[in-house]
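Colleague: This is what each chain is made of:
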Amino acid sequence: MLPAEILTSLFPAGHQVTEEGGLLAGTGRLDGQTTVDVVGITGKTYPGVDEALTLAGRILDIAARPAPAPLLFLVDSGSQRMSRRDELMGLSETLAHLAKALWQAERAGHRTIGLLYGGSAAGAFIATALACGELVALPGAWPEVMDLPSMARVTKLSVDVLKEKAATTPVFAPGLDNLFATGAIAEIWDPAQPLSDQLKAVLARPATGDERARWGLDRGGRQKAAAIAREVEQLALAHG
Amino acid sequence: MTSPTAAAPHAPLPADPHRSWYEESARGRLSHLLDAGSFSEFLGPQRRELSPHLALFNLPRQFDDGIVVGAGALAGKPVLVAAQEGRFMGGAIGEVHGAKLTGLLHAARQMKRDVVILFDTGGVRLQEANAGELAISEIIRATVQARAAGVRVVGLLGGRAGCYGGGSLIAGCCSALVISEQGRLSVSGPEVIETNKGVEEFDSKDRALVWRTMGGKHRYLIGGVDLFVADTVAAFRAGALAALDRPPTLDQAVLAAEQARLERRLARFGDTADGTEVWARLGVNQPTDVPDMDLDDFLTIANRQREGADAAR
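So the protein sequences, as listed, match chains S and G. 0 is the number of the first residue of the first sequence in numbering that gives the first Met the number 0; add one for each residue after it. 0 is the number of the first residue of the second sequence in numbering that gives the first Met the number 0; add one for each residue after it.
The set of hints was computed from the structure by calculation and includes no laboratory data. We treat Cβ as the ideally placed atom computed from N, Cα and C, and that holds for glycine. Treat the hints with care, as some may be off.
Claimed, not checked - Residues from chain S that face chain G, not an exhaustive set, calculated with beta carbons under 8 Å: (1) W102; (2) R106; (3) V158.
One chain only, chain S, in its complex shape (with noise of 0.2 Å):
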């Protein structure tokens, strides 16, 4: 789905949602009574340190305004841009801080949900759609940490192997199906549904901690993850 067409099916009522630079932002009317905070990077774009900071401007400001309203965080990115100039200005802080002040939100009474309905990679992933306390994605979304060719030379192995062996499992290979599996993703939406429907369906939900290790186990993609964070954890108190 184009982002036009997600945003009419996403609000009815109406939205004031602009694009500048590859962000968006602005506010959509799911209904009578619900406003929603918008903001998102679209167009494949690769968030740098501009981007980062805008974004995490934007949205410290919503999570700043007394009366939490959810925010949505619609999500087509490429990776983190990487160049030699978003190195030296610390990039690593700027999308660090994007992923905590969407957790700011989160703390302070906003919903925050992120909708992937394009792509995402690596740092960019982790700091926009991952950093959300819920994702949820539209098929044809294509989430990864690293595309085949790339690891193809990092692991020394064809991408004919690699395919070969990600028909196995769902635990390094890009693309939604193989993110679902892992826990990164808490539904896939219906594009055939009204999106507006889908979205008020998760917001009469209430909000969780943390469940994708657990998803993860269920689903069949970590098996192990939750039971050794358990672990640990209970280690940790029991030795005090």
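On the provided structure of chain S, position chain G as indicated by the hints.
Modeller: Relative to chain S, chain G alone:
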């Protein structure tokens, strides 16, 4: 739940505070960082919690999956610790490795116990990329939740693998960071930038360029880290203690201050092309001398001219 594993045995400490932090293993660093005999490991190598994914790639596995987590004491103060092993797969974060750190941070929040993370990582372990990526996101969430509960999460940056990729984003969520000249902190590593953007953008063989762009001195000068220490085990111990004196606070005011700090950095230096230009603009008289300066000379100049983070992180 199984019973806690016994404390890992330590070799008697060779009383050499000048040992290189960079050259040490994860276990060696912990043994020098913590009070003698205070360390207890959780899920240690005797449990053999191996990566369930590396066998698919016919790669060797390690009994601790490249991270040591446990409890110990620093100058008598109890802390939780995690040390990444850069000599195993570049300290890369996989499913088990990441889950050990997540669990430790969950406990820290409940215990209100400070955490020290000894970073040494290239980021996500590609052979289990999706699990590693999610683990990093879970670690970040657990870190900020711990900080919100008043827990300090201190990062030490001086390992041989540097602190790259998702590891650098975890570091960016710590309450305070300590770095040595050898420490490198960056999202995309030199080889990744060169592979994607070409050697004209970044020549990964140019080690001086690497240090000027992501090395410890540059990070200290721009306020990306809080303390700069010598590459010795004693200096990192002293640095960790000093970092634990800094506040854990993470709230709207701290993040607004960080926003202002990072915006000011871009306004002040955003048009520069090289570390030396940044340092010149900071008022360093001979910026090209910075890489060769010894610790005392560097700190004298840096502490006068640098941008501080002032707990805005």
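Colleague: Next, verify each hint and record whether it holds.
Modeller: Now for the hints, and whether the structure bears them out:
1. W102: Holds, because the Cβ-Cβ distance from S/W102 to chain G comes to roughly 5 Å (cut-off 8 Å).
2. R106: holds (7 Å)
3. V158: violated (14 Å)
The structure is inconsistent with hint 3 alone, although it conforms to all the rest.
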